[in-house]
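Undergrad: Note that the protein sequences, when read in sequence, are chains B and W.
If you count the first sequence from 1, position 359 lands on 359 in the working numbering, and the numbers rise without skipping.
If you count the second sequence from 1, position 159 lands on 159 in the working numbering, and the numbers rise without skipping.
None of the hints are false.
Restraint ranges, calculated between C-beta atoms of paired labels, are given here:
{"id": "1", "chain 1": "W", "residue 1": "Arg8", "chain 2": "B", "residue 2": "Val298", "range": "53 to 61 Å"}
{"id": "2", "chain 1": "W", "residue 1": "Arg19", "chain 2": "B", "residue 2": "Leu16", "range": "40 to 48 Å"}
{"id": "3", "chain 1": "B", "residue 1": "Leu4", "chain 2": "W", "residue 2": "Arg8", "range": "32 to 40 Å"}
{"id": "4", "chain 1": "W", "residue 1": "Tyr13", "chain 2": "B", "residue 2": "Leu4", "range": "35 to 43 Å"}
{"id": "5", "chain 1": "B", "residue 1": "Ala290", "chain 2": "W", "residue 2": "Ser75", "range": "41 to 49 Å"}
Okay, derived cross-link-like pairs now, EDC-like style, lysine to aspartate or glutamate, Cα gap no bigger than 16 Å in a straight line:
{"id": "6", "chain 1": "B", "residue 1": "Lys410", "chain 2": "W", "residue 2": "Asp59"}
{"id": "7", "chain 1": "B", "residue 1": "Lys410", "chain 2": "W", "residue 2": "Glu77"}
{"id": "8", "chain 1": "B", "residue 1": "Lys410", "chain 2": "W", "residue 2": "Asp57"}
{"id": "9", "chain 1": "W", "residue 1": "Lys116", "chain 2": "B", "residue 2": "Asp3"}
Note that these hints are calculated values from the structure, not bench results.
A virtual CB, placed ideally from N, CA and C, is assigned to each residue, including glycine.
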Amino acid sequence: MKDLRILLDVTRTHLLSRFKQTAIATLGVTFGIGTFIIMVSFMTGLNGLLDGLILNRTPHIQIYNEIKPSERQPVDLYEGFADNLNVVRSVKPRQTQERIHNGAAILNYLKGHDSVRGATSQVNARVFYLAGSIQLNGLVNGIDVNEEIRLFNFGDYIVRGSPEDLLRTRNGILLGAGVAGNMSVDVGDRIQVSTVAGGLFSLKIVGIFQSGLAEVDNVQSYVNLGTAQQLLGEGRDYVSNIHVKLYDIDEAGPMSRRISDQFDLTALDIQTANAQFETGTTIRNLITYAVSITLLIVAGFGIYNILNMLIYEKMNDIAILKAVGFTGRDINVIFISQALIIGLVGGLIGLVIGFGVSVLIDNTPFVTEALPTIKTYPVNFDPAYYIIGIVFAMISTFFAGFLPARRARKIDPVEIIRGQ
Amino acid sequence: MAYVLEARHLDKYFEQPVRFHVLKDISLSVNRGEFVSIMGKSGCGKSTLLYILSTMDTDYTGELYLAGKKVTGQSREQLAHIRNKRIGFVFQFHYLLPEFTVLKNVMLPGLKLGEKSTEEVREDAMAKLRLLGVDDQAHKKAARLSGGQKQRVSIARALINDPEIIMGDEPTGNLDSKNSENVFQVFRDLSVSRSLSLLVVTHDEDFARRTDRIIEMGDGMILGGGHAPAPAS
Ligand SMILES: Nc1ncnc2c1ncn2[C@@H]1O[C@H](COP(=O)(O)OP(=O)(O)O)[C@@H](O)[C@H]1O
Ligand SMILES: [Mg+2]
Numbered sequence: 001m002k003d004l005r006i007l008l009d010v011t012r013t014h015l016l017s018r019f020k021q022t023a024i025a026t027l028g029v030t031f032g033i034g035t036f037i038i039m040v041s042f043m044t045g046l047n048g049l050l051d052g053l054i055l056n057r058t059p060h061i062q063i064y065n066e067i068k069p070s071e072r073q074p075v076d077l078y079e080g081f082a083d084n085l086n087v088v089r090s091v092k093p094r095q096t097q098e099r100i101h102n103g104a105a106i107l108n109y110l111k112g113h114d115s116v117r118g119a120t121s122q123v124n125a126r127v128f129y130l131a132g133s134i135q136l137n138g139l140v141n142g143i144d145v146n147e148e149i150r151l152f153n154f155g156d157y158i159v160r161g162s163p164e165d166l167l168r169t170r171n172g173i174l175l176g177a178g179v180a181g182n183m184s185v186d187v188g189d190r191i192q193v194s195t196v197a198g199g200l201f202s203l204k205i206v207g208i209f210q211s212g213l214a215e216v217d218n219v220q221s222y223v224n225l226g227t228a229q230q231l232l233g234e235g236r237d238y239v240s241n242i243h244v245k246l247y248d249i250d251e252a253g254p255m256s257r258r259i260s261d262q263f264d265l266t267a268l269d270i271q272t273a274n275a276q277f278e279t280g281t282t283i284r285n286l287i288t289y290a291v292s293i294t295l296l297i298v299a300g301f302g303i304y305n306i307l308n309m310l311i312y313e314k315m316n317d318i319a320i321l322k323a324v325g326f327t328g329r330d331i332n333v334i335f336i337s338q339a340l341i342i343g344l345v346g347g348l349i350g351l352v353i354g355f356g357v358s359v360l361i362d363n364t365p366f367v368t369e370a371l372p373t374i375k376t377y378p379v380n381f382d383p384a385y386y387i388i389g390i391v392f393a394m395i396s397t398f399f400a401g402f403l404p405a406r407r408a409r410k411i412d413p414v415e416i417i418r419g420q
Numbered sequence: 001m002a003y004v005l006e007a008r009h010l011d012k013y014f015e016q017p018v019r020f021h022v023l024k025d026i027s028l029s030v031n032r033g034e035f036v037s038i039m040g041k042s043g044c045g046k047s048t049l050l051y052i053l054s055t056m057d058t059d060y061t062g063e064l065y066l067a068g069k070k071v072t073g074q075s076r077e078q079l080a081h082i083r084n085k086r087i088g089f090v091f092q093f094h095y096l097l098p099e100f101t102v103l104k105n106v107m108l109p110g111l112k113l114g115e116k117s118t119e120e121v122r123e124d125a126m127a128k129l130r131l132l133g134v135d136d137q138a139h140k141k142a143a144r145l146s147g148g149q150k151q152r153v154s155i156a157r158a159l160i161n162d163p164e165i166i167m168g169d170e171p172t173g174n175l176d177s178k179n180s181e182n183v184f185q186v187f188r189d190l191s192v193s194r195s196l197s198l199l200v201v202t203h204d205e206d207f208a209r210r211t212d213r214i215i216e217m218g219d220g221m222i223l224g225g226g227h228a229p230a231p232a233s
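Based on the sequences and whatever the hints tell you, model everything.
TA: See below:
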């Protein structure tokens with residue numbers, strides 16, 4: 001330990017007496033780490049935003065009754081044709097209802113399940129929006145407002161009015177921004193809705209929502225569960241969809257298969273529904289790390305060069321130190337510690353600069369139609385990246401210092417002293 | 001009691017550029033408190049011998065003993081420790097660390113040895129500098145000193161751990177006669193007052209004549225004066 005203090009004293013003198021080179025090497029690390037922090041914070045911030053755009057509001061599992069032809073036709077059931085190649089042409093789906101039988105029981109079962117954060121039922125009704133002579137295709141979603149807010153951040157997308165207004169108002173409707181725009185109606189107006197079955201209802205607009213996805217905002221609107229059931233002329237136990245949110249998103253796949261087997265319903269997990277999305281996130285992360293690592297490697301070469309140069313200049317010092325009793329290991333420690341100090345100081349400054357610029361980005365206004373809740377650029381301040389940054393700075397400078405330090409360790413003092 | 005330093009049948013070859021027998025069957029010994037000089041023509045192998053005797057060069061055959069203990073074959077770490085504690089070396093070209101203060105230069109081997117506190121080492125270092133008359137330079141950077149001053153500082157450094165023997169490779173080679181005389185007196189004092197052994201390569205006849213014994217070297221061999229009188233028992 002005492003040894004180390006002396007060696008660090010030598011290290012300090014070396015670094016300070018070549019301040020310019022030291023500063024340049026340090027700046028190299030600072031640049032690499034700073035850029036890493038800025039890039040990774042901004043990129044993962046964006047990722048989070050984009051993920052949030054879809055993932056936060058997408059159920060981990062959607063359960064519904066898909067209308068599709070039976071996979072096993074009657075001919076397959078008859079043993080007499082078992083050995084034959086049976087071809088049935090023009091298969092049509094069987095007449096079934098869209099409803100989930102026994103929806104309330106399934107909902108209760110799911111809510112009680114250990115890995116389920118929450119489950120909520122929906123009633124979908126296809127409608128036409130009527131305003132004067134205009135008729136627009138639409139989809140009215142009956143929802144349990146409180147559960148949608150809790151599980152799927154429903155409140156974030158209400159740009160006018162509030163979800164509570166929907167709860168308070170009988171026959172209230174939250175209209176998609178696109179629909180409201182197209183029909184030129186606003187909060188407080190009434191809107192006529194006709195159902196597929198022909199019923200005509202007058203609903204009061206209590207709010208406007210904007211999801212940022214035009215295809216949704218142009219057709220969809222939300223009402224209370226009861227209202228939707230009335231639109232369809234169904235009873236209080238009518239459920240067309242159940243949305244499930246789990247604690248662990250990775251369980252969505254297996255869980256959905258189990259549900260689908262158990263209840264004979266279609267259960268779509270989020271990974272299947274949004275496969276392209278994961279890929280995008282992965283690729284963006286990959287790019288971030290690739291660029292950062294490249295920068296750090298470049299910085300590493302800078303340090304390697306400067307240390308090599310330093311050792312060349314300090315050849316005499318090394319020979320003297322060895323002649324008066326310092327060991328090769330001591331010399332090694334001196335130069336490795338020079339590299340590590342450059343890494344630590346450069347890395348810490350890099351973190352500070354990275355943090356500063358991130359704060360700056362975080363406060364830069366970023367307004368977009370598509371994302372009503374976003375006011376500034378998204379930045380992720382996860383401390384884990386700062387830890388990765390400083391660890392990486394230390395590791396890369398260690399490796400940059402490793403070879404030069406080994407060279408210094410092996411210098412033969414006699415050769416240097418004789419050479420004079 | 002054993003010799004402070006004893007070499008038995010040292011042989012050394014250089015392989016580059018051609019195989020060259022630079023040291024031929026060198027045997028010598030130095031007693032405690034003896035002030036010995038080595039003389040010989042330039043290129044006869046004096047420096048090469050001194051590097052072996054000081055344990056810096058391990059590429060030789062034969063045996064080397066320090067205070068009766070065999071040094072040949074010890075590990076690099078052990079040899080470094082021996083150089084640190086038991087041998088003081090004074091180079092011809094006053095090798096100091098230019099960016100460190102004079103005081104720090106003298107202190108470094110003492111700090112490395114680690115037997116005394118930093119404060120004690122500092123006091124010792126000041127005392128050695130005072131002994132050589134350069135204590136007023138203690139806080140200057142070593143690079144700022146004159147040649148003579150540097151040489152005296154490097155002698156102070158060689159003394160810091162109170163070694164058993166000091167070796168010098170033409171330590172007065174670059175000094176004017178006044179400084180040269182000064183260094184001689186310091187060496188003489190040390191050998192008398194502290195029973196320090198000294199082995200000094202020199203070209204200065206006058207310097208050599210006043211030492212206890214002259215080892216004559218020529219063409220890689222010892223021509224005379226290699227052996228000390230039997231050590232006092
Ligand atoms: N590294 C080396 N490789 C080959 N020959 C060397 C080397 N170092 C010294 N020599 C040769 O060895 C001989 C002895 O050199 P040296 O010990 O420096 O002599 P001195 O100190 O007596 O002047 C010289 O002839 C010199 O040229
Ligand atoms: Mg010589």
